[in-house]
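Make the complex out of the two chains shown on their own, each in a separate frame, by following the hints.
From first to last, the protein sequence lines stand for chains G and V. In terms of the working numbering, the first sequence has 470 at position 470, counting the first letter as 1, and numbering is strictly consecutive. In terms of the working numbering, the second sequence has 210 at position 210, counting the first letter as 1, and numbering is strictly consecutive.
Quick caveat, the hints were computed from the structure, so don't treat them as lab data.
Only pairs whose alpha carbons sit at most 25 angstroms apart, straight line, appear in this in silico PhoX-like list of lysine-lysine:
hint	chain 1	residue 1	chain 2	residue 2
1	G	K349	V	K128
2	V	K138	V	K237
3	V	K280	G	K349
4	V	K182	G	K466
5	V	K292	V	K270
6	V	K59	V	K292
7	V	K131	G	K466
8	V	K255	V	K59
So the derived list for chain V, only partly shown, Cβ under 7 angstroms to chain G, looks like this:
hint	residue
9	G38
10	R65
11	V285
Quick list of the computed label-pair ranges, beta carbon to beta carbon:
hint	chain 1	residue 1	chain 2	residue 2	range
12	G	A367	V	K182	27 to 37 angstroms
13	V	Q310	G	F195	28 to 38 angstroms
14	G	N408	V	K102	16 to 26 angstroms
15	G	I178	V	A23	47 to 57 angstroms
16	V	G129	G	V471	26 to 36 angstroms
17	V	Q279	G	F21	24 to 34 angstroms
18	G	A367	V	Y142	47 to 57 angstroms
19	G	A367	V	S141	54 to 64 angstroms
20	V	G57	G	F174	54 to 64 angstroms
All residues carry an ideal CB built from backbone N, CA and C; glycine is no exception.
Each chain, written out:
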Amino acid sequence: MGVLDNILLGFSVALQPINLFYCLIGCLTGTLVGVLPGIGPAGAIALLLPTTFHASPASGVIMLAAIYYGAQYGGSTTSILVNIPGEASSVVTCLDGYQMARQGRAGPALGMSAMGSFIAGTFSVVLLTFLAPLLANVALDFGPPEYFGLMVLGMVTVTFLTSGSMLKGMVTLFAGVIFSCVGLDVVSGSPRLTFQIQELFDGLGLVPVVMGLFGISEILINIEKKIRRDIYDQRIENLLPTVKDWSACKWSIVRGSVIGFFFGILPGGGAVLSSFASYAVEKKFSSHPERFGTGMIEGVAGPESANNSATGGAMVPMLTLGIPPNAVLAMLLGALMIHGTPPGPLMMKQHPQLFWGIITSMYLGNAMCLILNLPLIGIWVRLLKIPYKILFPLILLFCLIGSYTVNNSAVDMVTMMIFGVLGYFMRKYGYETAPLALAFVLGPLMEMSLRQSLRMSDGSFRIFLKSPIAVTCLILALMLLLLPLIPILRRKRKDIIQTEEERQ
Amino acid sequence: MKKIGFFVICLALFFLPISGYGAFPDKPVKIIVGFAPGGMTDILARVLAKHTEKLLGTKVIVDNRPGGGGIVSWTAVSKAEPDGYTLGFLSNGTLTARYTVKGVMFTYKDFEPLANIATGGVHVLAKKGGKYDLPLPKLVSYIKDHPGEVRVGLSGAYNANDFTRIQFERAAGINLPRVPFKGDSEVITAILGDHIALGQITGIPAGLSHIQAGTLNSRAVSTETRDPFTPNVPTFKEAGYNVVHDICWSIGAPKGISGDRAKILIDAFKKAMDSSDMQKDFMQVGVPLQYKNPQELLKTWEFYDKFYAQLSKELGIEPK
Numbered sequence: 001m002g003v004l005d006n007i008l009l010g011f012s013v014a015l016q017p018i019n020l021f022y023c024l025i026g027c028l029t030g031t032l033v034g035v036l037p038g039i040g041p042a043g044a045i046a047l048l049l050p051t052t053f054h055a056s057p058a059s060g061v062i063m064l065a066a067i068y069y070g071a072q073y074g075g076s077t078t079s080i081l082v083n084i085p086g087e088a089s090s091v092v093t094c095l096d097g098y099q100m101a102r103q104g105r106a107g108p109a110l111g112m113s114a115m116g117s118f119i120a121g122t123f124s125v126v127l128l129t130f131l132a133p134l135l136a137n138v139a140l141d142f143g144p145p146e147y148f149g150l151m152v153l154g155m156v157t158v159t160f161l162t163s164g165s166m167l168k169g170m171v172t173l174f175a176g177v178i179f180s181c182v183g184l185d186v187v188s189g190s191p192r193l194t195f196q197i198q199e200l201f202d203g204l205g206l207v208p209v210v211m212g213l214f215g216i217s218e219i220l221i222n223i224e225k226k227i228r229r230d231i232y233d234q235r236i237e238n239l240l241p242t243v244k245d246w247s248a249c250k251w252s253i254v255r256g257s258v259i260g261f262f263f264g265i266l267p268g269g270g271a272v273l274s275s276f277a278s279y280a281v282e283k284k285f286s287s288h289p290e291r292f293g294t295g296m297i298e299g300v301a302g303p304e305s306a307n308n309s310a311t312g313g314a315m316v317p318m319l320t321l322g323i324p325p326n327a328v329l330a331m332l333l334g335a336l337m338i339h340g341t342p343p344g345p346l347m348m349k350q351h352p353q354l355f356w357g358i359i360t361s362m363y364l365g366n367a368m369c370l371i372l373n374l375p376l377i378g379i380w381v382r383l384l385k386i387p388y389k390i391l392f393p394l395i396l397l398f399c400l401i402g403s404y405t406v407n408n409s410a411v412d413m414v415t416m417m418i419f420g421v422l423g424y425f426m427r428k429y430g431y432e433t434a435p436l437a438l439a440f441v442l443g444p445l446m447e448m449s450l451r452q453s454l455r456m457s458d459g460s461f462r463i464f465l466k467s468p469i470a471v472t473c474l475i476l477a478l479m480l481l482l483l484p485l486i487p488i489l490r491r492k493r494k495d496i497i498q499t500e501e502e503r504q
Numbered sequence: 001m002k003k004i005g006f007f008v009i010c011l012a013l014f015f016l017p018i019s020g021y022g023a024f025p026d027k028p029v030k031i032i033v034g035f036a037p038g039g040m041t042d043i044l045a046r047v048l049a050k051h052t053e054k055l056l057g058t059k060v061i062v063d064n065r066p067g068g069g070g071i072v073s074w075t076a077v078s079k080a081e082p083d084g085y086t087l088g089f090l091s092n093g094t095l096t097a098r099y100t101v102k103g104v105m106f107t108y109k110d111f112e113p114l115a116n117i118a119t120g121g122v123h124v125l126a127k128k129g130g131k132y133d134l135p136l137p138k139l140v141s142y143i144k145d146h147p148g149e150v151r152v153g154l155s156g157a158y159n160a161n162d163f164t165r166i167q168f169e170r171a172a173g174i175n176l177p178r179v180p181f182k183g184d185s186e187v188i189t190a191i192l193g194d195h196i197a198l199g200q201i202t203g204i205p206a207g208l209s210h211i212q213a214g215t216l217n218s219r220a221v222s223t224e225t226r227d228p229f230t231p232n233v234p235t236f237k238e239a240g241y242n243v244v245h246d247i248c249w250s251i252g253a254p255k256g257i258s259g260d261r262a263k264i265l266i267d268a269f270k271k272a273m274d275s276s277d278m279q280k281d282f283m284q285v286g287v288p289l290q291y292k293n294p295q296e297l298l299k300t301w302e303f304y305d306k307f308y309a310q311l312s313k314e315l316g317i318e319p320k
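Looking at chain V on its own, in the form it has when it is part of the complex (with noise of 0.2 angstroms):
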């Protein structure tokens, strides 16, 4: 049984190499997730390669490096041959990285930016008919007339969906601790355990089947716009707090990338984005698709990496 495992490996191997062969791109292209199979990252991640195989005419690998919350691939993408074959999944973690962390030696310019897959917000969760499932204003008022009695549990520290913490925090006027959490699965749990008041996750797709199921409400997300999977759920802005923060998911390339190449990933990316058969698989994952073009991208990137610049700098933050 072994030989026959080992059989099929060798030919797997054997065959992959010689699908499409001419010019760009006449082998498997990579694309480098940061995160363990199953995530959310990986899952855009699959689905996108899924729908750019048939328009790239060639094999597209998800290669999982997880490693720091992303850190260890998008080094190794900086620092991979700028021949279109390696591409990267980024994040709003690529930007904060470098403020955050000690060591990281990439900014954004190490990236040429290729598409924007999509964007989603910081969704701010309470357990269904509980004591804190309150309309925003109101629970803004409950906790400041209940000092020290309020949590937020959230993955990871100093991230993007920290940063929107700390953000409401200051918009609001309130003190709002952060209880740390390994991955958005957990922080749900805790709230439908009582553990935890509330909880903070980026994008719905792991408390999409709660919030439908009425276990768990929405009571605002950090989008300008509102989260087309949950209509009803106003933005901090609507609720009256200037709070904006979007996670942006995109595809990137090592700096140096030529440009003939360059445009036959952009043009890929963009017919994918376009059919609707991937609209509909992004769809059932629960993640909002928006495309952006390469140069909204770069907008997007150097206005958040400002952004990020200037609120750590306030905040202190040294990268440790």
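Excised from the complex, chain G in its bound form (with noise of 0.2 angstroms):
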């Protein structure tokens, strides 16, 4: 009863006209900026949020929120097409998505990430209604030794990720780990691997890392192929997913929408750790795990569902504790403090109208974007018939543009260019990017998590052990590691690496 009367307040507010003209700007800006390589909801938060000072607290925060789970929408589209990750969340999508547009179809590619987001982003805010207070102790569960587990969880799943040998997604993995310690060390303040770059003191940006590996890789692959023309005029006409498409992704959608909303509470890179493991445990249940990485849709749906049931996931600690769970979240949060309206324990009894009607507006919102992004897969698709001539300078100035607007700096551009020569070569022989980038990612969290348990513990290992949490965690890694040595497993493993090298 309690939760119908929340909602029906929620729907009071949100349903007001001048909220609901703040939720479409912010679907819109999210959008658009998810579309955009590098220029990220960080950024348009940051650029929009003077703009909220005149607005009341409830239409400001709706719109900064809109571009937070908008920016989702809009970051498939990229990697799709292109193969440049919009957002870091999108990543995985590259894996697939980009050879279905190989394959001309990329229209169902993107309409798939758009319902899947819409659905998994509508699922994610009914439990967010559902299930805020209770959940918002489930993020305090998981201190460093929880978080170590996680992640080493997490560093095992990428061994899934790689479809060709074993001990090449080793190496890239070990790469990934190693570019991710460069800056100040967070224990004792001294710099690593900086080269006295000061640029370099909070490490290598992610943004360029992964513009660089994907997309610069990509052109730079691409110019030196004579690239056959036909392959996008191919059946292009079919925009959206067909019946087959859809049977192949509805339970690809719906776990991707539980993980991603799970991982989306915990602190920490949810959207982007979500994305992966939704991809590991697409190619886990697949039938066909060996044909991940050639187009399979479900490679499209499961993370792109996930990472936008994490927009819903991530907004529970947030509203709940005061815990922004990123740095888009850390911005929203300055929002409400600004509108002095800070979220935490007291905001549901002293803002009810504010906590319910930014939750509210969140189906509203998820609606919109959903509506805004059906059309524009007609226009992404025809993006495609660009001449490369023209479509690759472009791409190359978007990325610049991109990678120097996260901190205004041109030490990252520079990266971006490093890596994306790195990725060329990679490529070339055979070494894969998605996993550099995910070891990439995980590595800090891994490296400080371990180091907290350690020095809470004085240097014992058996911190690890005291943890019901991180001792699952480890216990699956470990499974996980072990299952390939189980014969039936291995010959799999082995077909799996045959039809790659009959691929190529």
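Here's what the structure looks like:
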């Protein structure tokens, strides 16, 4: 009964014309910055923050929140079309989404990603509505030892991302960890691998690294090939997913939604981690794991659902505990503080209209994003018909602008170019770039939680055995690592590699 | 849609420089902030920018250059043209940097003080009603009786927050090891989840809602006088420990700014700080506004620079 009252109260705020207007502006901006690589929701919110000073707190925050989840809708667009992740959480979407586009199936990929995002986004808002107060404490259960367990599990799932040689996968994984070490050491404050460049004190930027590895390297690979344009001309009129696509994806979307929501609750790289995890899970569940990476629509639907669902999950600790799980929500927290309504344990009691208004506006916003995105698919797909000699310089330009705008730093542009060349050589020699990207994200989180744990235990590793969550994660990780040693499964993996070689 | 977005940006760029022609300032003034948007420093700068715009008759833009705990931004400000259009948001980190990080070229002498904006302290937090939620003297004797049990979570290493911990260790004669976290909100999460006994945060904004809700308790604050947001929390001194450490957020210009330009800015910041609108906004954010004129600010800088030089020498900290 109480929940129903709250929802009605929320809609009475969210449905006010002025708030609907702000929500729409937010969805539009979010979709746009999501599409543009590099320029992310964090930058957009920072730019628009001052404009909310004069609005009511509800209007302002509804708009900023809409930018946040709207960006997840747009993020997949460039991943699918040109292999450049619009957001870090859309990295895995490149793997199969881009292959689909090359097969002339950009429309279904974009359509499935939009529909999956909508379903998952709505699902996560429903969970947020009913479970927010109950789930608040889940985020608190995760201390340093628990995070370490989770990160180890995350690292192990990387091995499922690779379809080629295990050894090469490991090499790129470790390279990713080493690159993630650049910057000031969090414990002692001393610089590591920074070569006296102050801009590197906070480490290499995720955005330039990812754009270089995926986008720039893609351009380099393509200009050396004679491209058969006809690939893109086939069946391009087919813009929406078919019934067959739907039946392939329905469970992927459900799984992605659940995974995304729970990863979203945890502070740290929730959306990124959830998209990788969802991809690994889809590959595990699929009856054709060997075909992942060749344009499987499940590989798009799962991760795209997960990263959208994560936005709802991330709102849980933000609104109920005042703990922002990522940089974008930190900004949202800032906006709420400027308006004198700091989120936290008291928000639900002191500002119920605001609390429930924000949540219910997310139902409307998700619908708006879907309506905005579906007609755009036709336009995006047509973009692929632009000749490469025009498209490539444009992509390069957008990548350069995007990498610069994150920190207003030229070093980031150089970083992107270097990683572009690195990515080019990696791909030429059969090293996949996705494991590097994931290790780069997880490395610092894993190091931090390990060192925190050991400082808490005076160096004793027993601290990990005392925590049930950590133990569970570590056992799962161990099982995943040992699975390939079981003979039947080993043969299966051999088959996978064989098909991979045939493909090349 | 892309086209419209581009058009709007062009339009915005076109109109920016026109606002307010004439003498200084005739173009937007930029405040470089060394932290990401949304953090406390950023919010302070944005609130200040909002209230100074009208007084200066030009746009005041917050330019975020995160990196190296603010070092990237302070280097940029110290090297900027001293024409009054580029200002920096400075804090205690501006002073600690050269004693703790190798390759830092600036000192406080590279900045012209304009105004102190806010002064806060380091709060010692414990979970309310928990085992460690004790008045400071009792907490100290607990730590002495249970060596190796109590740790404090805080963000960063060898910064003002960490130095406060060391001051406390020395004043109380205890060993209080640090567990590093990224940001104050992570520290709060860890205390709430019983992963760490105590936490130290700079200023109160991140923890205020929890203190009000009765989930966290602040047991001491490092300022000379009590924090107006937590009037019931004693200072370290009141609790019997000689620990004083002010965290000061201030505005500075690159050294060499002309006297009359500096005066225009100083007057504008003073007026903004005096306005009740701005005081109201700061109240909402949870940061105690404290104005200091340039001379007083310079004294504060000199005092803390000496203090950090002495402390890092005693601790044998070498810039690495």
